Amino acid sequence: MAEFRRDWLSKSVAGSVLGFTLAVALAGLFAVAGPGGLEARNKYQFVMWLVAPVWLGVAGFVFLFRSGRVAFLWLGGANLLAFGGLYLCRRLLH
Amino acid sequence: MRGEILRLYKSVHTWTGIVTGMLLFVCFYAGALTIFAEPLAHWASPPAGGSISIEAADRLIEKTLAARPEAAKDFTLRLATANEPARLSWRKSRSDDVVWSATLGADGEARIERANVSGLGAFVDTIHRTAGLPLDRETGTTVMGVVSAVYAVALVSGLILVLPSLAKDFLALRFTGNLKRMWLDAHNLVGVASFPFHLVIALTAVVFGLHEPIYDALDHAVYDGRLPTIMRSTGPFAGVKRDEQKAPIKKVAELVAAVASASPNFSPASLHYRDAGTHGALVRVIGEDPRFLSRGGGFAVLRGATAEIVNVDYLPEKQSGWTAAVSPFFALHFGSYGGVPVRWAYFFLGLAGAFLFYSGNLLWIESRRRTARRHGEQVVQTTASRLMAAASIGVCLGCVCALSVAIVSTKWLYGHVEDVDAWRRGIYHAVFFGALAFALLRGAARAGAELAYAAALGALALPVTSVAAWAAPGLGPWAAVDPESAGVDIVAFGAALCFATLGRATARRAELGPTDSVWSARRPREASRGLRIPLSSNERAAAIGAGDGDVHG
Numbered sequence: 001m002a003e004f005r006r007d008w009l010s011k012s013v014a015g016s017v018l019g020f021t022l023a024v025a026l027a028g029l030f031a032v033a034g035p036g037g038l039e040a041r042n043k044y045q046f047v048m049w050l051v052a053p054v055w056l057g058v059a060g061f062v063f064l065f066r067s068g069r070v071a072f073l074w075l076g077g078a079n080l081l082a083f084g085g086l087y088l089c090r091r092l093l094h
Numbered sequence: 001m002r003g004e005i006l007r008l009y010k011s012v013h014t015w016t017g018i019v020t021g022m023l024l025f026v027c028f029y030a031g032a033l034t035i036f037a038e039p040l041a042h043w044a045s046p047p048a049g050g051s052i053s054i055e056a057a058d059r060l061i062e063k064t065l066a067a068r069p070e071a072a073k074d075f076t077l078r079l080a081t082a083n084e085p086a087r088l089s090w091r092k093s094r095s096d097d098v099v100w101s102a103t104l105g106a107d108g109e110a111r112i113e114r115a116n117v118s119g120l121g122a123f124v125d126t127i128h129r130t131a132g133l134p135l136d137r138e139t140g141t142t143v144m145g146v147v148s149a150v151y152a153v154a155l156v157s158g159l160i161l162v163l164p165s166l167a168k169d170f171l172a173l174r175f176t177g178n179l180k181r182m183w184l185d186a187h188n189l190v191g192v193a194s195f196p197f198h199l200v201i202a203l204t205a206v207v208f209g210l211h212e213p214i215y216d217a218l219d220h221a222v223y224d225g226r227l228p229t230i231m232r233s234t235g236p237f238a239g240v241k242r243d244e245q246k247a248p249i250k251k252v253a254e255l256v257a258a259v260a261s262a263s264p265n266f267s268p269a270s271l272h273y274r275d276a277g278t279h280g281a282l283v284r285v286i287g288e289d290p291r292f293l294s295r296g297g298g299f300a301v302l303r304g305a306t307a308e309i310v311n312v313d314y315l316p317e318k319q320s321g322w323t324a325a326v327s328p329f330f331a332l333h334f335g336s337y338g339g340v341p342v343r344w345a346y347f348f349l350g351l352a353g354a355f356l357f358y359s360g361n362l363l364w365i366e367s368r369r370r371t372a373r374r375h376g377e378q379v380v381q382t383t384a385s386r387l388m389a390a391a392s393i394g395v396c397l398g399c400v401c402a403l404s405v406a407i408v409s410t411k412w413l414y415g416h417v418e419d420v421d422a423w424r425r426g427i428y429h430a431v432f433f434g435a436l437a438f439a440l441l442r443g444a445a446r447a448g449a450e451l452a453y454a455a456a457l458g459a460l461a462l463p464v465t466s467v468a469a470w471a472a473p474g475l476g477p478w479a480a481v482d483p484e485s486a487g488v489d490i491v492a493f494g495a496a497l498c499f500a501t502l503g504r505a506t507a508r509r510a511e512l513g514p515t516d517s518v519w520s521a522r523r524p525r526e527a528s529r530g531l532r533i534p535l536s537s538n539e540r541a542a543a544i545g546a547g548d549g550d551v552h553g
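From first to last, the protein sequence lines stand for chains W and Y.
The numbers in our numbering rise by one with no breaks, and the one at position 1 of the first sequence is 1.
The numbers in our numbering rise by one with no breaks, and the one at position 385 of the second sequence is 385.
Derived by calculation from the structure, the hints in this document are not laboratory data.
A quick note: this is a predicted structure, and the numbers were derived from the prediction, not measured.
Do not rely on the hints blindly, as some may be mistaken.
[Stated by the list, open to error] Residues on chain W that point at chain Y, a partial pick, calculated with CB under 10 Å:
#1 Phe-4
#2 Val-13
#3 Ser-16
#4 Thr-21
#5 Ala-40
#6 Asn-42
[Unchecked claim] Derived Cβ-Cβ restraints for the label pairs, each shown as a range:
#7 Y:Ala-262 <-> W:Pro-35: 42 to 50 Å
#8 Y:Gly-487 <-> W:Tyr-87: 54 to 62 Å
#9 Y:Met-182 <-> W:Arg-41: 52 to 60 Å
No residue lacks a Cβ here, since even glycine has one placed at the ideal position from N, Cα and C.
Make the full structure from the sequences, and use the hints.
Below is the structure:
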């Protein structure tokens, strides 16, 4: 098994920045594809509330990654998937 | 690998905690007080005579708007309670910070003045939102949103740290010789027991502080810039156009009755008027319904000219769909559900949170000390742990003292200065920064005891003020003898006893505790005479820099 690296700075950056963008993309997926669609009455508030737990969950657990590089790769990949899904959903549903 | 993960999380927990702990102490202590902001404001308010009938409110609106027509655009009517008559408040313009207030005198005329005393609740709330930082309210709230995000990471890392030994350590409170162990046990016990509360508070505080940037990001990435339009079209005021045509406003009793017919158990506390006297007037009837999880109460929107209900999305009993999905977050932050028992629970959870941050800082300082000992060196406290200890004492006890003094000053200043609010703010910052400077100059050991005694005096000043007002009516403050004010005095007296006990314990530790501690007021030489203490010139300089007779070696 590969060595565990502390990499606290790169992991913090990955968690706080990529965690935030990932949270925005996932909340966006819920907004677009979730019940009621984009314009449901007052749904935008719930969508906004989704961002904080996802973002801070990622920022809290990011230090479990084996290294900062691995954290960047996984979270970067997750971002690509989430934003790709968001783009597709918007093309398909609207 | 497991050990390495835990070690990394220990540093994450330590640093996120150290960075946020002191600010969060202020937020939690002030937050515990905001739960009882109304009794506090009532304690500080002069007895206001006058009728508490609902017709008097109509007369108050009429008289005030006749004297101050500029208020009609946007004003709030606080309905009369058992103790106080109705009060009208407004600002001359949106950008003007001065709040004006009017009550109906016994002669039936409006008494208009700056809303100084009734602003005490808002003052404590501002300290709660901004950690008392000398910033404007918006900036301070945003800063605390970021701090809350770091605090959420501290919570997650703390949970990961205690998880492996949770079963073993949770209820263990080891009072054996190892004082650090006992502090750690207490920190873990409070932390784990109130973890759900802290998680909710952290996440909601992040949203309260940072919702605007989050909305901006969502608008950009998801809504293609249409979010403001969506917000406006579904907002509580949507569908009603401004209409400058004159139209008399409905009576307060009629507006309240209209809401009561929609939700009988909703108890209105205030009415917020927009464009009163015009055809497009809107009234938000704000109140509480403790049977539901709602956002610190709720409201219904009515047409002012017809008393027709426009929006019930935010009425606790009527909320539905997405509004209902969001409301619990607000309720869980404010403790605005379940009535009095929940309010007391939140009060004590808030104080326990303050304890968590205080004990966390102490643990950091103590663990620095142990590290040094393990390496077989004579323990010399680093400048960092000295400064940290002194700053923790200064900020925590300074905030406690400053809030008490600011609250008491409201009652003594009333009638003597024009702008009580500015004075109160100035007094808070003077006491707070004074205490911080005192702690840094005097060292944690002595300042810890002395500021705790000062905090006891500060809390004692509340009942003393009440007694003084009752015994010597000419002195300035007025006597309030209703149960609500007496409750404030009793709680303040209890707090004074707690702070005095803390002061005594700290003083004793400074006198008798281990001399190598930052909490000792004695020099190590007195205890371990003859030991050669190795001190690098660097450390010596640091120790001397810490000043005032606490110099080691």
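Structure-based check of all given hints:
1. Phe-4: 4 Å, holds
2. Val-13: 13 Å, violated
3. Ser-16: With a closest approach of 8 Å, the Ser-16 of chain W hint holds.
4. Thr-21: 8 Å, holds
5. Ala-40: 6 Å, holds
6. Asn-42: This hint holds: Asn-42 of chain W lies near chain Y, its Cβ roughly 4 Å from the closest one there, short of 10 Å.
7. Y:Ala-262 <-> W:Pro-35: 42 to 50 Å: 26 Å, violated
8. Y:Gly-487 <-> W:Tyr-87: 54 to 62 Å: Cβ of Gly-487 of chain Y to Cβ of Tyr-87 of chain W: about 58 Å, so the range 54 to 62 Å holds.
9. Y:Met-182 <-> W:Arg-41: 52 to 60 Å: 54 Å, holds
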